[in-house]
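First to last, the sequence lines map onto chains B and Z. My numbering puts the first residue of the first sequence at 5, with every later residue one more than the last. My numbering puts the first residue of the second sequence at 5, with every later residue one more than the last.
Calculated directly from the structure, the hints in this document are not laboratory data. Being a predicted model, the structure only gives us computed values, none of them experimental. Some hints here could point you the wrong way.
Some chain Z residues close to chain B (C-beta under 7 Å, calculated; not the full set) [said to hold, decoys possible]:
no., residue
1, 7
2, 11
3, 430
4, 528
Even for Gly, the Cβ is constructed at its ideal location relative to N, Cα and C.
Protein chains: 2
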Amino acid sequence: MKIKSPLQIAREKYAPKVPAALKGSVKVVEGDKTQSVADQGEIEKMFPNTYGMPILSFEASDEKKNFPAMNVGVILSGGQAPGGHNVISGLFDGLKTLNSDSKLFGFLGGPSGLTDNEYKELTSDIIDEYRNTGGFDIIGSGRTKLEEESQFDQTLENCKKLDIKALVIIGGDDSNTNAAVLAEYFAAKNAGVQVIGVPKTIDGDLKTDMIETSFGFDTACKVYSELIGNIQRDANSAKKYYHFIKLMGRSASHIALECALQAQPNVAIISEEVEAKNMTLDQVVDQIVEVVVKRAEKGENFGVVLVPEGLVEFIPAMKALIAELNDMLAKYENEVNALDSNKERREFVAGKLSAESSKVFTGLPNSFANQLLLDRDPHGNVQVSMIDTEQLLSDMVKSRVKKLKKEGKFNGKFSGQSHFFGYEGRCAAPSNFDADYTYSLGRTAAVLIANGKTGYMASVRNLTAPADEWIAGGVPVTMLMNMERRHGAMKPVIQKALVKLDGKPFKTFAESRKEWGENTEFVYPGPIQYFGPTEVCDQTTKTLQLEK
Amino acid sequence: MKIKSPLQIAREKYAPKVPAALKGSVKVVEGDKTQSVADQGEIEKMFPNTYGMPILSFEASDEKKNFPAMNVGVILSGGQAPGGHNVISGLFDGLKTLNSDSKLFGFLGGPSGLTDNEYKELTSDIIDEYRNTGGFDIIGSGRTKLEEESQFDQTLENCKKLDIKALVIIGGDDSNTNAAVLAEYFAAKNAGVQVIGVPKTIDGDLKTDMIETSFGFDTACKVYSELIGNIQRDANSAKKYYHFIKLMGRSASHIALECALQAQPNVAIISEEVEAKNMTLDQVVDQIVEVVVKRAEKGENFGVVLVPEGLVEFIPAMKALIAELNDMLAKYENEVNALDSNKERREFVAGKLSAESSKVFTGLPNSFANQLLLDRDPHGNVQVSMIDTEQLLSDMVKSRVKKLKKEGKFNGKFSGQSHFFGYEGRCAAPSNFDADYTYSLGRTAAVLIANGKTGYMASVRNLTAPADEWIAGGVPVTMLMNMERRHGAMKPVIQKALVKLDGKPFKTFAESRKEWGENTEFVYPGPIQYFGPTEVCDQTTKTLQLEK
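Chain B extracted, bound-state conformation (with noise of 0.2 Å):
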């Protein structure tokens, strides 16, 4: 028998808020023809078919039409974001609200699930299952990129199979890139299958004026956040513990930028500062270290600080280091490995480095240049994702204060404690926020759909007013576009939304984190709640009501 906890039992009846828009009969409104962020030249040129269209919004209307019956498939792309299963449910209960007879085929673990032809339908008992629920776990995901053209063909040969109309891809700015080639290709084809991007990921990094928002980012920042209070409630109690917090966030920091809005921690670093003033590690470190001795001067010996996961390959200096390790690891991988102790390697490969990148090599703590010599993936490259940077940050203030101690500068203590959340808040049941606008998208992308559009991604707006005024519509991919180089060639992507150093979170933040430094200015933001006040249970991240 499958035991629920109670909270799930409960939020199985949770009915999402949609936008007054789709809650009747929808009127599609075509808005001025768009133009992608930039290269619009190229961009037009690789996407005929689908370059150029306008942006949608959807109005309430009183004329009821008729949609025919149609089958459509859904994958889920890349990694877990809280409301993945109610974008699913919101898309079937928007195709069976237009047409009853209308199917919704899942296909299982992500983008391989479509090529090679891998599908079970979603019937309401399926569906009624995951209503609400966090996870990918109803169809699955991965992280097959869907790129070639023979991908292609099998997935529309898999489509056809099914009489499938209509695909939708869940997935982050790589996934939706694809998904918009593969909308291309299809178009050009005349092939009669229509892709609709949805726009997920907790790291935030995938918004535009059109798209306020990725679902997850929502549920995740405030996991991440209640556990971040709970730590800090504890240094403040314990008043002897500095608290190193790693945050899952790769290629931005908007995570660990939306935590420190609503938990107001002594230090955050943003990666995207660190890049844009050329900071070395050791200046990273000063940052702290100057708040560290500072607190110590009022006798506060604690604190929080918060780290954003892709910290290290932001610091140009570091970034040029792995990088020449990566090659010279290769070249001289036989070498190093005969060398008996890690001293030996170290002197080796600080020998072998340019002048700049060995100082930076000698000046690390042993333990960690010994992790970049020593965790490699299979291809011999240093691998990124698994520098502890919150225990090497600790480790370099902790002798960084010693040292001050010797020279009579730093009169108090030290000692830190490191954690790292990602998987905890990867997979959170959805906050009612996540819930309504991810299920509100699900509904956007049926209506996308049933009026017959492709290439575009489903778009529900003005997120900070009440569910009932959101916008829902749709934002033609290519918009988001711009050329980027990948993998030595330049090629079509969606442009990145890292943290605007001028933009008013970042600011907002930049203001005050002197006074969050110095003093104890804890917030707790604590549990997400589902059933209390509105103001408690509704609003949104810092970020997007600072955005607005």
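Chain B is already provided as a structure; the job is to place chain Z on it using the hints.
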């Protein structure tokens, strides 16, 4: 300006539920005389003034009694636990209800506040800021032990200065033991200061028939179970990792057991069972490998394994090894430090150990053996609390399945991730249960004080019933005591409540674990809810429900 989260603001208004008997005038009913759990003769001799007192229970009464105003002191002792602030607010409200001129003084930073006379008066302005919040930051906590007569005399002197008639000591088994000794000392001297204990610890190892649970256990387990559930959902979605999750709780496995009952992971190691069965580390690994192999046969190469923090010390062979290492490293410190490489150090050490321990030591993964040699505290002892047991088990399972693969006995994949949850739960805002329970304990302590009691622990029982039906009263601390060897001498101490292998919670787990292991029967408890339906918000732990 102090900023609060919307949930912090909403929770300020929560009025904790209390037993019916605490709502008006209280009649204190004496039950039977009591005996200590063991060593009655010795304990009675050591506590001539406070041994054998009756159990007390409170009943509602029509009789209005007048109580004189009195000054009371309170301390928080040891590790944080959710609800500590509510004990203090309950105590404050209780004292003020009995006589509005009574005063409450909080001694700062734990027991050392008592001896150093560091205190602040807790006024309603201060109390109101901390109602229903997590943490111990209202007055701080500390780990100083109150054991020496000189400390007792200093405490008495400081109490006299403030005209304090009673002390409330909020702490775990050690702190309550010391509270009893202090109560006896004051009683013997006719000092005029009563001492009341309050049972605190997230570890859940302070309990008897009369103390059904220590406060904080409920909230901490719920936070950990939320995270375990989220990680389980991730494991079941990504289908590629085994997550090894270490949980706080060194001296007992109640937390791991409760979380297992809540979330139904694939494996949960219970230290008490490992010790009772005299298992080796290899046998613990076997137990996990068996599940991994069975699941792989079904194509499920993912799962979740719970590991109690104290595991290594419960493995008899490891305990013996660590004891030998402590002696040996003290003796050969210089020789070991003079060696050049970890390999040489391991070989040197292995040669000096007993045959049995040497075998255990050389069977350990190198990185773990190195950790045992390198991470020592200032006294040269191996730091058991720093051992990454979760990583150790993951590494050992990995190498075992690799071997099985070579032998053709394992066809799956294995990839481990490790986590440690402790600080995430110790200072969480208390669940409704813990908020109600701790507030009631504080109110109970006030009644015990007003009625002249000393050497009692505040007790609130019948906790699986609605709060209205809870039974408040007092239990003589001596009732919980036996004689144990501490630092070479026999001492009267509160008997630690380990997981009982013949108790209902463990037996329930043991009956289901095969099924939970081979199948995927994850339950997702989700975050603590404060405002929803009562079955979601007010249920206490499975452990307590099963013990009833």
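Going through the hints against the structure:
1. 7: Holds. Min distance 5 Å.
2. 11: Cβ of residue 11 of chain Z sits 4 Å from chain B, so the hint holds.
3. 430: 5 Å, holds
4. 528: Status holds, d = 6 Å.
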